[in-house]
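K.L.:
Those sequence lines, one after another, are chains A and B. Going by this note's numbering, the first residue of the first sequence is number 1, and it counts up by one from there. Going by this note's numbering, the first residue of the second sequence is number 1, and it counts up by one from there.
Calculated from the structure, these hints are not laboratory results. Keep in mind that the hints are not guaranteed to be accurate.
Said to hold, decoys possible - Derived BS3-like pairs (lysine-lysine); straight-line CA-CA distance at most 30 Å:
id: 1; chain 1: B; residue 1: K45; chain 2: B; residue 2: K67
id: 2; chain 1: B; residue 1: K13; chain 2: B; residue 2: K45
id: 3; chain 1: A; residue 1: K58; chain 2: A; residue 2: K70
id: 4; chain 1: A; residue 1: K281; chain 2: B; residue 2: K96
id: 5; chain 1: A; residue 1: K231; chain 2: A; residue 2: K221
id: 6; chain 1: A; residue 1: K193; chain 2: B; residue 2: K211
id: 7; chain 1: A; residue 1: K133; chain 2: B; residue 2: K211
id: 8; chain 1: B; residue 1: K129; chain 2: A; residue 2: K193
id: 9; chain 1: B; residue 1: K211; chain 2: A; residue 2: K271
id: 10; chain 1: B; residue 1: K290; chain 2: B; residue 2: K363
id: 11; chain 1: A; residue 1: K132; chain 2: B; residue 2: K13
id: 12; chain 1: A; residue 1: K193; chain 2: B; residue 2: K347
id: 13; chain 1: B; residue 1: K347; chain 2: A; residue 2: K281
id: 14; chain 1: B; residue 1: K290; chain 2: B; residue 2: K245
id: 15; chain 1: A; residue 1: K271; chain 2: B; residue 2: K336
id: 16; chain 1: B; residue 1: K95; chain 2: A; residue 2: K133
id: 17; chain 1: B; residue 1: K35; chain 2: B; residue 2: K95
id: 18; chain 1: B; residue 1: K67; chain 2: B; residue 2: K129
id: 19; chain 1: B; residue 1: K129; chain 2: A; residue 2: K133
id: 20; chain 1: A; residue 1: K70; chain 2: A; residue 2: K29
id: 21; chain 1: B; residue 1: K210; chain 2: A; residue 2: K193
id: 22; chain 1: A; residue 1: K271; chain 2: B; residue 2: K290
id: 23; chain 1: A; residue 1: K152; chain 2: A; residue 2: K133
id: 24; chain 1: B; residue 1: K96; chain 2: B; residue 2: K21
id: 25; chain 1: A; residue 1: K48; chain 2: A; residue 2: K29
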Amino acid sequence: MLDKSFVSKIVKDFSDLQNICELTSGGQKYVFKAFHKQYRNVVLKIIKPNPNVYRRTKREIRAARIISSKNVPIIFESNIEQENTEYFWIIEEFIKGSTLRFFLNNNYNFDTRKIINFLETFLNIEIELENKKLVHRDIKPENIIYNPSLDKYWLLDFGLARHLDLVSITQTNLAFALCTWGYAASEQFRNLKQQINIRTDLFSIGVVAFEMLTGYNPFIKDATNVPQVIKNIERLPIPDFNIDGDTQFLLSTFIKNMADNRLSRRPRSAKEAYEILQEVKNTVILS
Amino acid sequence: MDLFLQFGYGMLKHTEELINKWNGGTVILSPRDLKLDQMKNIQIKIFNNSGNVLLDPQFYLPRGDHKNLMEHDYWPDLNNTDNFFHSDKLPKMMKKIYYDYNLNISTSAFILPGFYSSAINENWFVLHKLILNEALKLNPEIPVFSTICLSSESVLSQESVHSLLENLETWNVDGFYIVPEHPRNNYLIDNPNWLLNLMDLCAGLKLLNKKVIVGYSSHQSLILGLAKIDAISSGTWINVRMFTKDKFNGKKEESVKKRTTWYYCPQALSEYQIDYLGIAHSLGILEKLKANEIFDSNYSEILFRGADPTTVNFTEREAFRHYLHCLHYQVNNVVKNSFDSTYNALKLSLETSQNMTEYFLSKGVRGKYRDFSNVLDSTLSALDAFRAIRGLVYAHNWNSL
Chain A
1 MLDKSFVSKI VKDFSDLQNI CELTSGGQKY VFKAFHKQYR NVVLKIIKPN
51 PNVYRRTKRE IRAARIISSK NVPIIFESNI EQENTEYFWI IEEFIKGSTL
101 RFFLNNNYNF DTRKIINFLE TFLNIEIELE NKKLVHRDIK PENIIYNPSL
151 DKYWLLDFGL ARHLDLVSIT QTNLAFALCT WGYAASEQFR NLKQQINIRT
201 DLFSIGVVAF EMLTGYNPFI KDATNVPQVI KNIERLPIPD FNIDGDTQFL
251 LSTFIKNMAD NRLSRRPRSA KEAYEILQEV KNTVILS
Chain B
1 MDLFLQFGYG MLKHTEELIN KWNGGTVILS PRDLKLDQMK NIQIKIFNNS
51 GNVLLDPQFY LPRGDHKNLM EHDYWPDLNN TDNFFHSDKL PKMMKKIYYD
101 YNLNISTSAF ILPGFYSSAI NENWFVLHKL ILNEALKLNP EIPVFSTICL
151 SSESVLSQES VHSLLENLET WNVDGFYIVP EHPRNNYLID NPNWLLNLMD
201 LCAGLKLLNK KVIVGYSSHQ SLILGLAKID AISSGTWINV RMFTKDKFNG
251 KKEESVKKRT TWYYCPQALS EYQIDYLGIA HSLGILEKLK ANEIFDSNYS
301 EILFRGADPT TVNFTEREAF RHYLHCLHYQ VNNVVKNSFD STYNALKLSL
351 ETSQNMTEYF LSKGVRGKYR DFSNVLDSTL SALDAFRAIR GLVYAHNWNS
401 L
């Protein structure tokens, strides 16, 4: 819980926002919900100045701003390009829904239709990222918002996003790169920068789809430490699983191909993955 | 998919005959068996029959001491104390191979030297990249193919195969000439992992939009049609139908073994010694071994004219030509217009082989180590596993591969 004086300061500093209330806070970041006359419901993010956080936030904003997708929250305003500021702030679109993690923790039933919608949504986002030469690098249930009444998904947090034409800000000599264990492909956590491209995101999407169907992450399950997760990702293919209506087992094969740690076995691009999904979709009987 | 002829000992006349019969084709010349002037003469004859040539520099064992190879101008002296890969020796060798050999004999592509290594590791990548970089400095006017010579252990390791694939993604070449060593020096391969990993490697390279030629192959490599590779190359003797490093090592070169003539039954994917055709003749089932008419091979007609096959003059010459001619037909027809139809056709061909070899075995007609029944399970297993692993993406991309 934030102290009242800090919240009062925020209310004073953002006079064009009304009904400011805290959503989450932690580390260097505070997140509020508010109302803006023009943008309606918005999220206000306050970031304390810190070189690492600042660089990543700047990257996040730049990445999110060049993406045009209805499944990525719009960034309306920010002061991230300013120097010598007390704190950085971002005002972005408020998304109604909860994280995919919330639904997974509550054993929500993602049926075949919802899974196909998830895959189509995310492959469309990835096509947009691919066109803009971006890789998200942190697709996981915590960074996905789902609204069950709209059956709609949004992708959040471009803090690890990488523009493939720009110099990486991750240290090259690190044995392991920043990532979320269990969702990052080995070319990412092993910091093999030359091999990182859109296929890195396809891996994470495949893992998330598997988790939505089965309720568990196959690489994290039963692993008690990071070396075990690494071993699982690099040594074990994801297990076979059944999907209702997937009469020719092509949808499950498609998800397995996406989540194959062997880079060469994944679809070569988001566009190719989307096209294959359309072919697979024709073989699935939806109830 | 094409069948290239892998040149080996005593292959000149067969090459001329077959290239003429096929109205073209490609021959991979072997410096181990030919001097430069002989290559030039062969190239002229092949060109006159609308064929093409390639040159395999056979740099598999740089210190192999094979006399014929060492006599070639491009072969470096590796006995001095220096660093071959960081001296002027490498550029000199590459220039000689390119200008004096490839351009001189008008090869249709520049196959780069590549060496055998028991393991694919960082050193392997660095040294082969140096070879490639020297080649590219020459601005070759013909397509460039890197040689990837793999030990049987490397092919058996899925990790090695994928590490290779991930590394080769950035290589600026037009294609790859894959030379895989067979496990335990077996002619036909009974290890499904070896077969699957080779298919997986080829598929990964094809998906990078590269040309792929698999050298030193036999009819078992027909399953590579499902990976839609561009060509396999094969030849007469077993040592050009499978890669063995001893062939390129002067000290360990194979001694000449007792020669036996084998007849290839293409429907059974098996080869039989003439004595076993005699058994088939005495049981009245010889006709079942005859190559189907679609193969249009008159080289083996003499065996099926009614006389006991052991008494007719079916020589090595006819046996080799029959094998390569039938294989040529099989290779040319293995790839169908979709992934699924190619898979189905291959599966049918393997099941036919299964039925036929079981029948022949029950009658005492045995192909010994060339009987395909020995490797049917492994071959079928690799085919099905490949379909499970790569089928979806491959089927989608079939027409563009």
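K.L.:
Now look at each hint and say whether the structure bears it out.
P.N.:
Evaluation of the provided hints:
A hinted pair counts as satisfied when its Cα atoms are at most 30 Å apart, and B:K45 with B:K67 qualifies at roughly 26 Å. Note on B:K13 and B:K45: the hinted pairing holds, with a Cα-Cα distance of about 11 Å set against a maximum of 30 Å. Simply put, A:K58 and A:K70 have alpha-carbon atoms about 21 Å apart, close enough for the 30 Å limit, and the pair holds. Distance restraint check for A:K281 and B:K96: the Cα-Cα separation of roughly 55 Å exceeds the 30 Å cut-off, and the hinted pair is therefore not satisfied.
Distance check on the hinted pair: A:K231 and A:K221 sit about 12 Å apart at the alpha-carbon level, within 30 Å; holds. With a CA separation close to 26 Å, the supplied pair A:K193 and B:K211 stays within the 30 Å bound. This hinted pair checks out: A:K133 and B:K211 have alpha carbons roughly 27 Å apart, not beyond 30 Å. For the suggested pair B:K129 and A:K193, the alpha carbons sit about 19 Å apart, so the restraint of at most 30 Å is met.
Taking the CA atoms of B:K211 and A:K271, the gap is about 23 Å. The hint holds against a cut of 30 Å. Taking the CA atoms of B:K290 and B:K363, the gap is near 16 Å; set against the 30 Å cutoff, the hint holds. As the CA atoms of A:K132 and B:K13 are separated by approximately 58 Å, the hinted pair breaks the 30 Å bound. Between A:K193 and B:K347, the direct Cα distance comes to roughly 41 Å. Violation of the 30 Å bound is thereby established for this hinted pair.
For the suggested pair B:K347 and A:K281, the alpha carbons sit about 27 Å apart, so the restraint of at most 30 Å is met. A threshold of 30 Å between alpha carbons decides the hint, and for B:K290 with B:K245 the separation of about 35 Å lies outside it, so the pair is violated. Between A:K271 and B:K336 the CA atoms are separated by roughly 26 Å; this keeps the pair inside 30 Å, and the hint holds. Distance restraint check for B:K95 and A:K133: the Cα-Cα separation of roughly 39 Å exceeds the 30 Å cut-off, and the hinted pair is therefore not satisfied.
Distance restraint check for B:K35 and B:K95: the Cα-Cα separation of roughly 18 Å lies within the 30 Å cut-off, and the hinted pair is therefore satisfied. Note on B:K67 and B:K129: the hinted pairing holds, with a Cα-Cα distance of about 27 Å set against a maximum of 30 Å. The hinted pair formed by B:K129 and A:K133 meets the criterion: a straight-line CA distance of about 27 Å does not exceed 30 Å. Under the criterion of a C-alpha separation no larger than 30 Å, the hint pairing A:K70 with A:K29 is consistent with the structure, at around 25 Å.
For the suggested pair B:K210 and A:K193, the alpha carbons sit about 23 Å apart, so the restraint of at most 30 Å is met. Note on A:K271 and B:K290: the hinted pairing is violated, with a Cα-Cα distance of about 50 Å set against a maximum of 30 Å. Under the criterion of a C-alpha separation no larger than 30 Å, the hint pairing A:K152 with A:K133 is consistent with the structure, at around 25 Å. For the hint linking B:K96 to B:K21, the alpha-carbon distance of about 33 Å lies beyond 30 Å, and the restraint is violated.
For the hint pairing A:K48 with A:K29, the CA-to-CA distance comes to about 7 Å; that is within 30 Å, so the pair holds.
Violated hints, listed in ascending order, are 4, 11, 12, 14, 16, 22 and 24; each of the other numbered hints is respected by the structure.
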